[in-house]
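The hints should help you fit chain B onto chain A, whose structure is shown.
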Amino acid sequence: MKVKGRVWKYGDDVNTDVIFPGKYTYTVSERADMGQYALEDLDPGFTKNAKPGDIIVAGKNWGCGSSREQAAICLKERGVGAIIAKSFARIHYRNCLNEGLPIIISSEVQGLVESGSEIEVDFEKGEISAGGQVVKFPPYPEFVQGLVADGGLIPHVKKSLGLA
Amino acid sequence: MGRTMIMKIMERASGKEVKIGDRVWCNIDLSTARDFGGANCTLQFDEITDKKGRVWDPAKIAFTFDLQAPSHSEKVSANQKIIREFAKRQGIEKVFDINWGIGQHVLLENGLVKPGDVILGTDSHMNLLGGVAAFATGVGNTDIAASWLNGTNWFRVPETMRIEVTGEFGRGVYMRDLLTLLVGDMGAGGMDFLAVEFAGDTIERSSLAERITLCSMVTEMSGKIGLILPNGPVLDWLALRAGANGELVRQRVRDIAPDDDAPYCEVHRYDVSKLEPMASCPDAPDNVKTVRSISGEAVDQVHIGSCTNGRFSDIATAFEVLEKGGFKVSPTVRTIITPATREVMAQCAREGFIERFLDAGVVFTNPTCSLCTAEHYGALPSGDVGCSTTNRNFIGKVGKGSHTYLMSPASAMATAVRGVITDPRDILC
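First to last, the sequence lines map onto chains A and B.
Going by the working numbering, 85 is the number at position 85 of the first sequence; the sequence numbering is gapless.
Position in the second sequence (first residue = 1) + 1000 = the working numbering.
This is chain A alone, in the form it adopts within the complex (with noise of 0.2 Å):
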């Protein structure tokens, strides 16, 4: 699989809170509506002109604080591509799995690029090609590629009680 889109770049310590502000967690339960309010307590601009394919690039602890899954789940309903971060805090990290948004940890891509660049992800060779640049990036641990494998947690597990 192959990603191509603009980048939105941000720095560290982006909250969940302003990925998906916690009022709308009361008043939006359509997963497709969640999309149209994505970041919109960090970046205006993203929430009126992000398009599916575009692909965030992020420092360290990309989503930390609250565990709503909706933070993944509008990022996924607006068609992010991928999420570069320098790392990522673990209950996000495992909300991202878990609503098949790809993601990947690379520290070097922060330095090549802007907000606006292009840039391509290429998942099978593991490489990200921007500013004119290559940067390699590890594959998910063997056990994380075991669930996307069989299409996430639920189908694992049910897979596993012989319910798939």
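Just so you know, these hints were derived from the structure itself, not from any lab.
Built from N, CA and C at the ideal position, the CB exists for glycine as well.
Take the hints with a grain of salt, since some may be wrong.
[Said to hold, decoys possible] Heads up, simulated BS3-like pairs for lysine-lysine below, C-alpha to C-alpha not over 30 Å straight-line: (1) 159/A / 1052/B; (2) 23/A / 1081/B; (3) 1075/B / 159/A.
[Unchecked claim] Here are the in silico distance ranges between beta carbons for each label pair: (4) 1081/B / 143/A: 35 to 43 Å; (5) 27/A / 1401/B: 32 to 40 Å; (6) 1400/B / 116/A: 24 to 32 Å.
Frame of chain A, contents of chain B only:
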């Protein structure tokens, strides 16, 4: 090589020897959901099982209603109803409805949390239960729904940081101030993916409420869990609450005690004897300064409560500051106190606190999470400045365009009395 507390907990829960970095399937002792996110869990479980599935063990599932209790809107009421109906259909009896208070605290008070347990919940502050050495963690609705299928979920065995704390707190200085200092030192990502063991004489002497406070904001440093091995009166209390499981509680403490040669990735030492009252300034928990350095800043609202500082001793501390301050809060500050649970509220009533608070101009509410979110009564209007004992002050968290300082119940009440941010030692000492 020895093993840390979290390694021993995961070995028991997974039934196998573990190494740091392994990913293991753990049996879940309790899988909980609250009114916030709970309906998403039940709807997802129904969807993946075509509404025909049974949960793996109704006795190991609990629902708590704390974020919007009582419900403030028809939408929230509808979500709460979805949870109640699911519980009834599935034979889940542990439903702590809107009268109980904050979930983790209610689970503790009802003897449902044992040291070494693995507990899931839809609250990112589940890990305050590490204050009694349970491995409790917040997760999203998919992780909860999956756990209801077969009673397991997977975890990475984390590295452990050890924090040793010594010394006595000075007058007007509390565990919350140590915690705030720690959040500032570590930063928002300083404990990412790590377990933390708190130890040292200050910790060994600390109360259950103080342990809850300290462990609750491990989340604000992105830690997986902060663990304190129960001892003394805390262990006696836990064993008493556990009823028939009392001896098991004591056995677990022996089983999960860390080895002398356990591997720690980092060791930090703190001496609290010279510590000052600390505050998290707008708009991040790790933006930390001394209360003294920001004293005099005007505030519009003070809130004392939350899963971090809503225990009886927290409210008693606020009462003491109010008493020394002349039993009157400033007329320019809206002051709200929210006990963590109905047990805490009942104790406040028995002590005669509630009437004195009301006479002093305080709004004393029912037990609930209250002002952890803008979607609650008391949300701040744009331009207002709040002062709170909750655990997050992210921008917009309790109202778009507002800003919040986080501090101890003593500092918050001192601020309510004077109408501007005030070091509680100015009133207490």
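How the hints compare with the structure:
For a cut-off of 30 Å, the pair hint linking residue 159/A to residue 1052/B stands: about 17 Å separates their Cα positions. In summary, the hint linking residue 23/A to residue 1081/B is supported, as the alpha carbons are separated by about 20 Å, within the 30 Å threshold. For the hint linking residue 1075/B to residue 159/A, the alpha-carbon distance of about 35 Å lies beyond 30 Å, and the restraint is violated. The supplied range of 35 to 43 Å is met by residue 1081/B and residue 143/A, whose beta-carbon atoms lie about 38 Å from each other.
Hint check: residue 27/A to residue 1401/B, Cβ distance near 19 Å, so the stated range 32 to 40 Å is violated. The hint said 24 to 32 Å for the Cβ distance between residue 1400/B and residue 116/A, and at roughly 27 Å that hint holds.
Violation of the numbered hints given earlier is confined to hints 3, 5; the remaining hints are satisfied by the structure.
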